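Just so you know, the protein sequences line up as chains A and B, in that order.
Each residue of the first sequence is one higher than the one before, counting from 14 in the numbering used here.
Each residue of the second sequence is one higher than the one before, counting from 14 in the numbering used here.
Calculated directly from the structure, the hints in this document are not laboratory data.
These figures come from a predicted structure and were not determined experimentally.
Watch out, some of these pointers could steer you wrong.
[As the list claims (entries may be wrong)] Cut-off 25 Å, straight-line C-alpha distance, at most; resulting in silico cross-link-like pairs (DSS-like, lysine-lysine):
#1 A:217 - B:217
#2 A:71 - B:169
#3 A:169 - B:168
#4 A:39 - A:115
#5 B:168 - A:181
#6 A:169 - B:169
#7 A:169 - B:71
#8 A:115 - B:61
#9 B:217 - A:169
#10 B:103 - A:61
#11 B:61 - A:61
2 protein chains.
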Amino acid sequence: MANLETTGFLPHIAYDSVIFGFSGEKLKILLIEYHKTGWLALPGGFVKVNETLDEAVKRGLLERTGLDQIFLEQFYTFGSIERVRPDIMKQILSAHQEDLPKDHWLLDRFISIGYYALIDYDKVEPTPDAFSDSINWYSVDEIPDLLFDHNFIVKKALDHLRTHLDQKLLSVNLLPERFTMKELQQVYEAILGEKLNRANFQRKMLSLGILERHEKLYAGGSHKAPYLYSLKKKA
Amino acid sequence: MANLETTGFLPHIAYDSVIFGFSGEKLKILLIEYHKTGWLALPGGFVKVNETLDEAVKRGLLERTGLDQIFLEQFYTFGSIERVRPDIMKQILSAHQEDLPKDHWLLDRFISIGYYALIDYDKVEPTPDAFSDSINWYSVDEIPDLLFDHNFIVKKALDHLRTHLDQKLLSVNLLPERFTMKELQQVYEAILGEKLNRANFQRKMLSLGILERHEKLYAGGSHKAPYLYSLKKKA
DNA sequence: TTACTATTGTTTCAATCAGAAACAATAAAT
DNA sequence: ATTTATTGTTTCTGATTGAAACAATAGTAA
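I would like the entire structure built from these sequences, with the hints used as guidance.
Right, dumping it as structure tokens:
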């Protein structure tokens with residue numbers, strides 16, 4: 014990671030990313046733990062002067078998940094004043110390098126742009142960055158207290174995800190390339206937090222006309238084998 | 014307006030507001046014209062170090078429209094790199110005050126948070142700010158070339174408005190306190206850009222259960238008089 | 001081979017909703 | 001009283017949705 018002492022970053026501007034994954038049962042997000050302080054927080058970062066906002070977030074995502082080409086979308090920008098906590102920032106940073114000048118840009122007020130990403134849980138090997146001790150998955154229904162307003166950011170991201178679930182079958186981004194109808198339904202249920210009717214779910218998904226049916230998946234169960242589906246590539 | 018020479022603003026951060034009004038026939042937005050240069054642009058501004066993002070936008074809105082307590086919502090943050098145009102900024106600013114130091118923060122790259130506002134067209138007397146010659150209404154289907162990426166911002170705002178039209182009857186914010194069903198339908202049609210079926214529209218709106226019916230409006234037409242409606246105040 | 005079982009894909013049936021048209025009411029002008 | 005334009009409501013039909021029943025089938029066990 015770049016040395017933050019160097020200029021080259023836009024001051025006062027940060028991003029926070031809510032990275033969703035589906036474990037096969039539960040919807041989860043990635044949280045990092047800052048050096049020494051023990052603070053849990055969303056993976057975030059800063060924007061270089063010569064890169065786009067989107068590029069900055071993609072860069073951070075690649076560093077932490079090793080994944081490129083993933084679904085990524087901005088959902089809200091957080092600009093309240095309570096987001097300045099020079100004491101905490103100092104603690105976090107001092108664990109990493111020499112203490113900073115009193116007026117360093119990192120100790121100032123930030124506005125943060127919230128992004129959410131949808132990734133294939135099994136494809137990623139989360140790796141902590143220079144400022145964090147660990148990075149781990151947490152179920153969205155068991156999120157502990159987070160740094161700053163990050164709990165609020167998670168809530169907003171979840172709201173956004175729920176209300177936009179249907180558009181273009183967003184949720185397939187949480188599954189591998191090919192998946193069964195049951196898996197798709199489980200993702201929906203994990204995101205919405207409620208059970209759905211099986212027959213109606215299948216009818217609705219198929220009626221969208223954007224799923225392609227492939228060969229069956231013989232998983233060894235003593236029952237009818239389900240078809241595999243993928244997103245139809247648009248013409 | 015505050016002198017921009019003084020510090021007290023967050024550098025690199027701006028907002029642009031898309032202010033919608035309904036003329037009784039067409040959906041319109043407010044555009045300003047910058048001093049001398051003739052550039053048309055969205056009304057925007059900067060954020061003070063001790064104010065919230067929302068507060069900053071409200072402040073600018075109050076100055077330009079005289080309106081307080083209006084519907085205001087953030088919809089997207091624009092962070093591309095092409096948003097830096099020191100030449101144009103210099104032109105605009107030099108028309109207003111002495112020339113600026115080469116490294117002035119106003120000449121730097123900005124990230125801009127887009128807000129949209131819905132206001133009662135007839136209640137507002139638009140007033141230009143210190144940097145603009147004029148502020149006027151323009152139909153959304155006849156927007157001329159604007160500064161920077163402002164045409165794109167307008168497009169995004171319209172998209173957002175269209176897809177969120179139904180939630181809590183957003184569009185009533187474009188009408189006076191009391192309105193007829195026909196007026197409400199006309200707002201919908203102006204926003205969506207298509208004609209709607211009268212009977213179904215009325216049924217749908219009433220079924221939402223959030224409209225209160227008041228006395229009739231005798232407007233002098235030789236036909237049945239329409240009822241006036243208002244948004245039901247929530248219990 | 002032949003039941004048996006669990007799961008999946010599909011169909012059916014009723015209830016609800018949505019789009020189009022017809023019908024009914026009415027305020028003002030003639 | 002008649003006419004006209006507009007508004008409020010109902011009716012009819014077809015589409016959509018929710019719940020349950022039915023049908024197919026891959027493995028297991030007798």
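We went through each hint and held it up to the structure:
1. A:217 - B:217: At roughly 24 Å apart (the allowed maximum being 25 Å), residue 217 of chain B and residue 217 of chain A satisfy the hint.
2. A:71 - B:169: holds (22 Å)
3. A:169 - B:168: holds (24 Å)
4. A:39 - A:115: Distance ~44 Å between residue 39 of chain A and residue 115 of chain A Cα, so the pair is violated.
5. B:168 - A:181: Given pair residue 168 of chain B, residue 181 of chain A holds - Cα atoms ~21 Å apart, limit 25 Å.
6. A:169 - B:169: holds (20 Å)
7. A:169 - B:71: Judged against 25 Å, a Cα distance of about 22 Å means the pair holds.
8. A:115 - B:61: Holds - the C-alpha atoms of residue 61 of chain B and residue 115 of chain A are around 21 Å apart, at most 25 Å.
9. B:217 - A:169: With Cα atoms ~29 Å apart, residue 217 of chain B and residue 169 of chain A exceed 25 Å; violated.
10. B:103 - A:61: holds (23 Å)
11. B:61 - A:61: holds (22 Å)
Of the numbered hints stated above, those contradicted by the structure are hints 4 and 9, listed in ascending order.
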